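S.K.: In UniProt numbering, the protein residues as written are 1 to 222.
Treat the hints as calculated values from the structure; they're not laboratory data. All values derive from a computational prediction rather than experimental measurement. Ideal placement from N, C-alpha and C gives every residue a C-beta, glycine not left out.
Restraint ranges, calculated between C-beta atoms of paired labels, are given here: (1) H176 <-> R57: 34 to 40 Å; (2) G87 <-> K174: 34 to 40 Å; (3) G60 <-> P163: 37 to 43 Å; (4) K174 <-> G142: 29 to 35 Å; (5) S62 <-> P5: 20 to 26 Å; (6) A165 <-> R57: 39 to 45 Å.
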Amino acid sequence: MIRCPGLQGVVLAGGKSLRMGKDKAGVVFRGQNLVERAVHVLEKLCDRVWIAGRDAREHGLSNPWFLDDAPGKGPLRGIVTALEHIGAPCMFLPCDLPLMDVSTAALLIKAYMTRPPHTLRTDFIQQETGFIEALVAIYDPGCIPHIHQALRKKQYKVAPAIPDALCVHVPYAKSHSRPFLNVNYPHDLQLLHQAADQFCLLPETKKSRFNNADVDAPAPKS
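When you get a sec, could you build the whole thing from the sequences and use the hints?
M.R.: Take a look at the structure:
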């Protein structure tokens, strides 16, 4: 498994879970709560794994943790808090993607290790729609001024905060989108179990279906 020396892992776990109606970070799926599952993925790839937005001890974890500097202000605020707190490149994974597996996430590491020198963010992109998975991504501390600029303008969408010319995108097809299933609403939990049963998912051992994905690295603008 690819590991990147110096890369820090960050589980984004500070959301209010208003749409779920309960704390989704504590939802148990296949014997682990969602925070534990995200930690399990990142610890296979990163030097150290942090919990952003809540006390790790609430979930029986000993990982280092910190709260967002402005709770309730969205994931972009959580990302910049982590970058400033840790001071190193960080691989982010939200706790509400319970089907994300190590092999799929490792594609970001591969792309990050071969990125052009100007790159600030390495992320996934959905091929058919162009949707950028900006929360499953590796951010360099050089992103900090760009994020603060977006926040000052009250632009809270995560993907546009970093100029596209400074990003590397790892494409995936709709037919291979299962690891990106997001759990936000109560009915999503039923979909989660259906998807996992159909795929017979075993995150520790199941080989990713994205192993042949290409890396889309936009050329730097002149």
